[in-house]
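J.: Sequence:
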Amino acid sequence: MLSSRLVSPARTGFRAVLSHAAASEGSRLPPPPPPPTAMHAAAAAAAATQGKHMLQALSDGALMNDAFVEQIVAQRLCKPDCYASGWILDGFPRSVNQARRLMDGPWRPAVAVELAVDKHCLEKRLLLRGERFGRADDCASVIERRLHEFERYAHDVKNVLAERELPIVSVRATERDAEHTVFDAVREAVGDARRVLIMGAPGCGKGTQAVLLSAQNGCVHVSSGDLLRNLQSASRAP
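Just so you know, the sequence shown maps onto residues 1 to 238 in the UniProt record's numbering.
Any given hint might turn out to be false.
[Stated by the list, open to error] Derived Cβ-Cβ restraints for the label pairs, each shown as a range:
1. Arg100 x Arg132: 14 to 20 Å
2. Ala84 x Ala140: 40 to 46 Å
3. Ser233 x Ala140: 20 to 26 Å
Think of the hints as simulated: they come from the structure by calculation, not from any bench. C-beta: ideal position from N, C-alpha, C; glycine also.
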């Protein structure tokens with residue numbers, strides 16, 4: 001059965017503002033921030049010197065250098081279409097440092113949706129995706145590593161978001177829940193918010209729900225995984 005719940009931090013004063021209240025706040029896009037500095041200065045150097053190593057790590061299912069990933073995501077969020085229309089971000093943040101910088105910087109989201117799926121279902125989905133699309137990071141050994149890395153950091157990342165009073169809604173999205181039913185719950189949680197995080201383990205359906213929500217709200221879908229894979233493909237081009 002489909003369910004949703006608010007994940008709130010164990011501290012006094014947390015504002016549990018969902019759906020319409022959070023969405024209204026998020027629907028008013030802030031003015032474009034100045035060119036990023038903290039996320040970009042060290043990150044630019046890291047991207048230049050460590051890029052090839054980081055892209056290989058992507059195929060191996062390992063977490064990549066924070067500064068490198070932040071550089072790629074920050075560059076995309078700075079594009080005019082994200083300023084004008086807002087964004088649906090999936091696959092980021094994946095570490096505590098990334099979460100802190102996102103929440104403390106000019107790209108603070110209005111609400112986060114977590115897609116909850118059990119591990120067996122995740123493994124099954126990822127194996128099927130690997131067979132269908134031939135992705136290097138969707139083979140059995142890499143899947144196990146990816147899920148392990150996610151589990152290592154997921155709780156602490158959520159704590160950082162919650163401590164900074166970001167509303168987080170958990171939506172059940174197992175194989176028994178139809179795609180459109182999951183989307184109905186996601187849409188209800190998000191409302192008309194224009195800066196949204198879609199969170200969850202590899203294979204939980206973040207990309208699918210982000211695409212649907214982007215079309216519904218007219219926002220730009222920004223996938224950190226797609227950005228990195230596109231960069232990886234470009235680096236291999238002759």
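J.: A separate judgement is required for each hint: does it hold in the structure or not?
T.: Hint-by-hint comparison with the structure:
1. Arg100 x Arg132: 14 to 20 Å: 36 Å, violated
2. Ala84 x Ala140: 40 to 46 Å: 42 Å, holds
3. Ser233 x Ala140: 20 to 26 Å: 23 Å, holds
Consistency with the previously given hints fails for number 1 only.
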